[in-house]
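Sequences and hints are given; from them, build the entire structure.
The listed protein sequences derive, respectively, from chains A and B.
With positions in the first sequence counted from 1, the corresponding number in the numbering used here is that position plus 407.
With positions in the second sequence counted from 1, the corresponding number in the numbering used here is that position plus 919.
Be careful, since some hints might not be right.
[As the list claims (entries may be wrong)] In silico contact screen, one side only, chain A against chain B (beta carbon under 8 Å); selected entries: (1) A431; (2) P434; (3) R439; (4) R565; (5) L578; (6) A579.
These aren't lab readings, by the way, just hints derived from the structure by calculation.
A virtual CB, placed ideally from N, CA and C, is assigned to each residue, including glycine.
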Amino acid sequence: MAELLFWPALLLYGEAAVGYLGDARRPGVAGRAATWGVRLGWLVQTALLGVQASRDDGFPWGTWAASLNLFVWFVVGAYLIWGCRRPYRLLGLVVMPLAAALLVVARAGGGTGVGSRSHYSNLFLVVHVGLVLAAFAGFTLAAALSGLYLWQERRLKRRETTILRRPAPSLAVLDRLAVRTVAVSVPALTLGIGVGIGRLVSRGDRVDAHVVATLVTWVVWAAYLGVRAAGWSGRRAAYLALAGFALVIVVRLALPATHFG
Amino acid sequence: MTQLVLVGTSHHHAPVELRERVAFDRDQAHALAERLGRAVCLSTCNRTELYLETEDADAAERAAVEALSELEPALYRLRDHAAALHLFRVAAGLDSLVPGEGEILGQVRTAHDAGTPGPLLDRVFRHALHAGRKVRAQTAIGESPASVSSAAAALAEQVFGRLDGCDVLLIGAGTVSEQAARNLRTRGARIAFVANSRTERAELEEELARADVVVSSTSAPGYVLEAETVDRVRRGRQLLLIDLAVPRDLDPAIHDLDDCYLYDIDDLQAIVAETLAGRRSEAERAESIVAAEAEKFHEWQASLEIVPAIASLRARAEEIREQELAKAEGMLGRLDESQRRAVESVTAQIVNKLLHLPTVRLKQAAAAADGVIYADAVRHLFGLGEDER
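Dropping the structure here:
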């Protein structure tokens, strides 16, 4: 059943990625098709996660690959909140290929099937993995918004003649959405890390590279909120968000073996 | 047979000095339409057109030409499908000076409201408005600005999003800068200050510190604002500066400052040229939508010719059925109520089934050019309307 749901989800995310590409070239039908691809794909992936949850003995996303599957679901879900609106279709051009690619990686690692086992308690995994992944999904979107900000700002600086023919969300809106997304994500990451560290201390486990990188990521994103409160905005804040996202990539993709059993 | 007649002129055929002679306001358009009978007068700065619904097309055309006699050499005359297609193109903005301009749809609606249309004119105007809306919804023809002033306002939206709460500083006042200010205001911005040659430097800098958008259009020989001043005064805030003056009012180095975006008249004109090119490419898609809608209208109009024939045919068949049932009343009288209902039902079904295919074929023929011939043939073959003669 999980296998049957994986392919439609991947196909729909792929269709959305191609649709957004078509929409960037010629706005219209392709964009609408892409939006439906995101919606339906996310629903199918939700069903896939549901099947995993019902078939598995315990929390099914405790492995690295399975957590990537859940991470994709969070990213697309967060994008769906406002991403289907026309000016944000450009963002889909970044988010949906990433989602499709990560879903393939998750499958390659066995994260889209059923039957996984974990030696952690369900409650711990739900709180720790769920919150950390939700926060990382928020950071991913904030980085995508910041990337879009830098692109739009560059167009304005270069006085591109197509700027009104292919309008993007305004600088102010992109800036505001990015900071709001981070403002929600940092507390989630704080809680997720807190639960993880609490368990680490109680079990007497050692701090691995993954934990250190996660803490550095938290510092960068917390600093992002700090400097925003101090008056930073625009390009500088966008670059900082991209730096924070680079750490998210390291934590999600480069250091999994050190943390997931 | 009711026909559609159009007589008029537009910017394609007549210069403004000719068009202005027959420009009508709403009341005048209403009076003229009333005088012409079932008519609608569409009068804008780019066109004056009279649409008439009539049984005598030649006479209606003569009356319309007489009403616009001052434009006689520049008048075009169209009828039926061609007239409808023209109106559809007008409503979609495809016949406008700037393709896809948005005002024309409202002007067509106003003309319709002020006119005295019969059923055919009413239908063609409603359908034209529908086609115009559809074109705007399904293409990007009207989305990008088509003038320097609206481009300036759209640029401000690219920086600040909604302009509610944005303060605009106007330096000098020319026609284009006033239009830009009007465009900004209609999108929610507030004209916070208008500076002129008597404004103190300190006051100007004070207003600059508060402004989000600066629109400058003076005849000053040198720069009114230098980069150092802007950098010192704005304290890191985002600022969009529109320089409409020649020679330029604003130091080009302002554009190099972080979060400052300076556009001069050449930049804006290049953007407008690009958006107009975009509109023209969208116009191809719009033309196909309009053609499809015009075809639908044509089919509806053609069906009007055949519908009376179909109605007569069905009425005749029903009359015969009832007469035959009445003749057989002697035998049918012996039947109980349910048996009588069964006979009624069977005879009605026979009539319906017999007439179904001819009805469908007649409707199909109506869409083609020979719909009238088929209608006449049906009337002749079944003797429809002969009793009335």
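Right, here's what the structure says about each hint:
no. : hint : result
1   : A431 : violated (13 Å)
2   : P434 : holds (6 Å)
3   : R439 : violated (10 Å)
4   : R565 : violated (10 Å)
5   : L578 : holds (5 Å)
6   : A579 : holds (5 Å)
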